[in-house]
Amino acid sequence: MMKFLFMMVFLTPLCFFSYWYLSLFLFYLSFLFIFMFNISKDYSFLSYNFGLDLLSYSMVMLSFWICSLMLLASAKIFKKKDYYELFMFNILFLMFSLFMVFSSLNFFIFYLFFEISLIPTFFLIIGWGYQPERISAGKYLLFYTLLASLPMMVGIFFIFKSVNSLDFYFLSLNLDNFLFYLCINMVFFVKMPMYLIHLWLPKAHVEAPISGSMILAGVMLKLGGYGLFRVMKMFLNMGLKINFIFITISLIGSVYMSLICLQQSDIKLLIAYSSVSHMGLVLSGLLTLNLMGMWGSLVLMLGHGLCSSGLFCLANISYERLNSRSLYLNKGLMNFMPTLSMWWFLFCISNMAAPPSLNLLGEVLLINSLIIYSKLTMIMLALFSFFSACYSLFLYSYTQHGLFSSGIYSFTYISNREFLLLVLHWIPLNFLIFKGEIFSVWI
Amino acid sequence: MLNKTCKIYFSFFSFLSFNLFLISLFLIISEKSLIIEFYLLNLSNFTVNFLIFIDWMSTLFMSFVLFISSMVIFYSSEYMKDEMYISRFIYLIILFVISMMMMILSPNLVSILLGWDGLGLISYILVIYYQNFKSFNAGLLTALTNRIGDVALLMSISLFLEYGSWNFSSFLEFYNLKENMGLTLIFIMIAAFTKSAQIPFSSWLPAAMAAPTPVSSLVHSSTLVTAGVYLLIRFSTGFSENTMKVILIFSLLTMFMSGLGANFEFDLKKIIALSTLSQLGMMISTLALGSYDLAFFHLLIHALFKALLFMCAGSIIHNFNNCQDIRFMGGVSKLMPLTSVYFNICNLSLCGLPFLSGFYSKDLIIESFSMLNMNMYVYIIFYLSMGLTVCYSFRLLMYTFFMDFNFISLNSIGDKSEVMLKSMGILISLVIFSGTILSWLIFPIPMFIYLPFKMKILILWLIFFGIWIGCETSKFGLSYELLSLKNYNLSSFNSNMWNLPLISLSMNLYPLSVGKKLYTSFDQGWLEYYGSQKLLESFTYSSKFFQLLSKNHLKIYCLISVVWFFFFFFVDT
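For the protein sequence lines, the chains are A and B, in the order given. Residues 1 to 443 in full-length UniProt numbering are what the first sequence lists, from first letter to last. Residues 1 to 573 in full-length UniProt numbering are what the second sequence lists, from first letter to last.
The hints are simulated quantities; they were obtained by calculation from the structure and are not laboratory data. Cβ atoms here follow ideal geometry from the backbone N, Cα and C, with glycine treated the same way. Check the hints yourself; a few may be wrong.
Among chain B residues calculated to face chain A with C-beta under 7 Å, some are [said to hold, decoys possible]:
#, residue
1, L121
2, V151
3, L161
4, M376
5, V514
6, G531
Computed list of lysine-lysine pairs in DSS-like fashion (alpha-carbon distance at most 25 Å, straight line) [stated by the list, open to error]:
#, chain 1, residue 1, chain 2, residue 2
7, B, K134, A, K331
8, A, K331, B, K516
9, A, K435, A, K41
10, B, K4, A, K139
11, B, K4, B, K81
12, A, K139, B, K544
13, B, K422, B, K334
14, A, K435, A, K76
15, B, K81, B, K270
16, B, K534, B, K517
17, A, K241, A, K41
18, B, K475, B, K334
Covered stretches of chain B, as calculated for chain A (at least 3 residues, CB under 8 Å) [claimed, not checked]:
#, segment
19, 108-118
20, 135-146
Let's have the full structure, built from the sequences with the hints guiding it.
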């Protein structure tokens with residue numbers, strides 16, 4: 001474990017030298033990490049408060065992968081010399097803190113780096129965002145999380161007082177207290193985000209540069225899920241009593257969010273709302289606390305991380321060419337970017353859980369787990385599943401089909417870098433399903 | 001000149017189709033079926049398998065699908081040759097065929113879903129192939145209606161979890177005897193209805209005619225729409241009697257509605273689409289009456305002649321400068337003799353002219369249906385729809401082939417394209433002979449039909465009656481006072497498919513308006529107000545208040561500290 005930590009620390013000087021070398025090394029790091037894979041139910045690679053079980057492994061893998069792709073996606077910053085050294089340092093720092101979050105065995109270290117990871121994201125948004133509204137979006141991002149996370153700190157101290165350890169392994173406090181439940185879990189609900197407290201996400205997404213959107217959709221939302229996976233074993237009794245409230249809110253919320261998606265004229269906003277909607281399903285599946293729900297929510301988290309990050313990349317590719325995210329201007333792109341159109345299609349259908357993608361596996365498992373939980377959820381699930389197809393197809397056909405906007409003056413074709421970016425999103429998304437059962441091992 | 005991609009896939013598919021046909025012959029003779037299971041996922045006793053089920057039914061169906069698709073690919077190398085990206089079109093068709101294969105081959109619900117989703121999506125892409133608003137709307141209507149079926153399938157997957165396995169064919173009969181699988185199979189029924197465009201969902205099929213004609217020929221006549229029938233065939237052992245009755249009613253109504261609607265339609269492709277709809281209704285009602293092998297028999301034969309019918313229509317439309325209105329046609333039989341011959345053979349086969357392929361399936365269906373003990377309503381509707389089929393077929397024939405030539409005088413119409421004629425010519429042989437061949441193959445023992453003379457002759461009467469009505473309706477000067485304008489409500493109701501498109505199109509208003517309300521009053525309204533803005537407001541308010549305190553006299557400041565001191569003193573003890 002130390003080797004990754006040290007590698008990331010010692011990559012820092014490289015930030016100030018070369019964009020492409022850093023990019024190369026980040027991929028190198030990811031591949032080193034991939035080769036460490038072993039299927040084991042328990043924690044492995046234990047050393048000095050760090051360790052990986054399959055859950056942490058897959059989340060770290062996701063964050064390494066997305067961070068490397070983030071760098072690949074934002075070559076424009078490098079070309080424009082827009083403080084790219086600091087930008088790369090920021091990404092490296094983010095990667096470092098995400099690695100610490102996911103691989104630490106200690107709840108407090110988790111909490112610490114959970115908060116620390118906000119800072120580089122915040123800088124990404126206010127540093128390299130586009131509009132002046134990015135300041136307020138950054139504040140939304142920080143304060144929605146902070147407001148809910150300080151109670152968690154108090155909760156952590158309480159756990160330490162009663163269990164005398166903060167190792168995840170020893171978290172076996174069974175306290176039937178609603179306040180304690182809220183203290184610990186509220187921050188994860190905000191982070192997921194659950195419906196009603198999701199407002200920071202669309203704002204942050206819209207204002208963030210491509211790298212910020214990718215990391216937000218790809219990994220930051222999954223922090224909430226990861227945290228819930230870890231702490232839910234403290235709330236087994238409590239969860240049976242009150243989880244249904246949050247399941248209901250997030251299920252209804254995911255239907256509402258998908259209805260809102262149909263109203264958007266901004267591509268990024270649409271994708272952001274769709275990710276709120278999908279995370280609502282993840283949250284509700286996770287809170288059912290059954291095996292299939294756990295499995296499905298991990299799978300959907302991975303799938304959604306790759307898929308929505310890829311969609312943001314696509315939105316950015318056309319943004320860099322048309323300088324607009326509006327659906328009214330991004331029209332008829334199939335006529336001059338036919339190859340990209342295929343990628344739009346592939347990612348849009350992955351977003352609506354078409355085969356063969358991790359999203360499909362995740363959604364099937366989550367629907368199963370929720371219907372086992374209660375047959376009444378069927379109504380919401382059916383609506384969710386239908387409307388997710390609606391907005392995905394709407395996004396695809398509105399951007400690709402029809403007459404292109406006459407305001408387009410000059411145009412560059414897609415570079416190899418961008419195709420590579422999309423391929424590297426798509427391959428894990430559609431090929432991991434062939435061995436989808438490895439994600440069930442850790443439960 | 002033939003496109004290279006077309007050539008490769010044409011030869012590959014026809015080769016595969018021939019081999020599969022031989023395999024199915026072997027399986028019919030030896031009465032064997034082969035099950036191959038791939039182990040995809042498992043968690044304790046929850047297993048997901050990818051099942052490949054090879055019996056005579058699936059291989060025969062696959063060989064037909066592959067044969068038709070190879071002909072369509074061959075045909076479209078000419079039809080679509082002006083397209084810039086013709087290979088994109090061909091690849092889409094190939095993807096479609098692959099998902100059809102996946103759907104046909106596996107009687108496992110999860111692996112059916114894979115093919116089923118693929119079918120819906122690829123057909124969507126094919127419908128919006130031409131970049132205009134009509135096809136855009138038609139595509140979304142198609143895709144979303146099919147998505148309802150996907151959702152129903154997803155729901156039934158999760159309901160099937162109770163039974164322990166998704167390999168439904170192994171336990172369907174068992175559970176059907178022991179308990180009612182009610183809701184589970186209702187979802188299956190909905191899924192099949194959306195794919196096969198039965199009554200509440202039938203508006204997408206005529207709308208999908210916005211697709212290029214080779215697509216209509218392959219997708220919207222012979223393969224995609226029959227996927228629903230195929231699913232029902234696979235599930236037919238599981239349905240309870242009441243569900244069967246529901247299916248029967250809906251399919252009969254579809255059959256009648258579309259037959260009636262086709263008599264009002266002037267769009268060449270839409271007439272054929274409506275006739276497809278009515279044939280689908282016939283297959284499903286046959287199935288609901290319990291004879292699923294007859295339904296399958298008709299499915300195969302219908303696929304052949306309907307594909308060819310569409311190809312001929314495409315050829316005619318191509319020659320008429322993409323004009324589809326049959327009122328502009330007429331006299332085509334003199335200008336395009338060979339195409340007209342093909343078209344006529346298919347049309348007569350659709351009507352069930354003796355010894356053409358349609359006769360074998362349709363006649364068998366009608367006579368075995370007459371032997372059943374059904375009520376009068378079902379009987380009358382069934383027979384009337386048979387008559388209507390003949391009626392619109394003859395109306396179409398009269399309009400397009402026999403009446404005066406109505407097109408613009410500067411034209412160049414003729415049997416010019418060799419490739420299209422060749423591909424149609426290969427299909428026509430099967431349209432003629434496949435009825436006999438298949439009836440020998442599928443029914444080794446001939447069916448025993450025993451009917452009184454009047455019932456036996458009734459269908460013939462209806463056919464002649466249909467021919468007469470069809471010829472009469474095709475005349476312009478039938479009545480100078482237009483009857484259809486006099487009875488405007490009735491005729492618009494019938495010609496609009498009983499307002500089904502209106503229902504499904506006006507449906508999208510509600511989710512959109514709800515979404516708008518949610519967006520403006522929740523996301524930008526209440527949640528913003530009570531979330532961030534309220535917080536900001538209260539923080540500013542309280543910080544102002546404290547500032548006010550600290551600006552005040554020192555006495556007040558001290559007093560507050562004393563109060564706090566007492567507070568902590570008492571609390572901490």
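So, going through the hints one by one against the coordinates:
With its C-beta approaching chain A no nearer than about 6 Å, L121/B sits inside the 7 Å limit, and its interface hint holds. The beta carbon of V151/B is positioned within 7 Å of a beta carbon in chain A (closest approach about 5 Å), and the interface hint is therefore held. Because the closest C-beta pair between L161/B and chain A is about 5 Å apart, less than 7 Å, the hint holds. Against a cut-off of 7 Å between C-beta atoms, the interface hint on M376/B is violated, since the closest Cβ of chain A lies about 38 Å away.
Checking V514/B against chain A by beta carbon gives a least distance of about 6 Å; that is within 7 Å, so the hint holds. Against a cut-off of 7 Å between C-beta atoms, the interface hint on G531/B holds, since the closest Cβ of chain A lies about 5 Å away. With a CA separation close to 16 Å, the supplied pair K134/B and K331/A stays within the 25 Å bound. The suggested pairing of K331/A with K516/B holds, with an alpha-carbon distance near 22 Å, which does not exceed 25 Å.
Taking the CA atoms of K435/A and K41/A, the gap is near 16 Å; set against the 25 Å cutoff, the hint holds. Taken as a hint, the K4/B and K139/A pair is broken in the structure, with Cα atoms around 58 Å apart against an allowance of 25 Å. A hinted pair counts as satisfied when its Cα atoms are at most 25 Å apart, and K4/B with K81/B qualifies at roughly 12 Å. Taken as a hint, the K139/A and K544/B pair is honoured in the structure, with Cα atoms around 21 Å apart against an allowance of 25 Å.
With a C-alpha separation of about 20 Å, the suggested pair K422/B and K334/B falls inside the 25 Å cut-off, and the hint holds. Distance check on the hinted pair: K435/A and K76/A sit about 36 Å apart at the alpha-carbon level, beyond 25 Å; violated. Restraint check: the Cα-Cα separation between K81/B and K270/B comes to about 24 Å, which is no more than 25 Å; the hinted pair holds. For the suggested pair K534/B and K517/B, the alpha carbons sit about 21 Å apart, so the restraint of at most 25 Å is met.
With a C-alpha separation of about 28 Å, the suggested pairing of K241/A with K41/A is violated against the 25 Å cut-off. Distance hint between K475/B and K334/B is fulfilled; the C-alpha atoms sit about 19 Å from each other, no more than 25 Å. Note: the segment 108-118 of chain B has 5 residues with beta-carbon separation from chain A under 8 Å; the three-residue rule is met and the coverage holds. For the segment 135-146 of chain B, the assignment as covered by chain A holds, since 5 residues bring a beta-carbon within under 8 Å of that chain's beta-carbons and 3 suffice.
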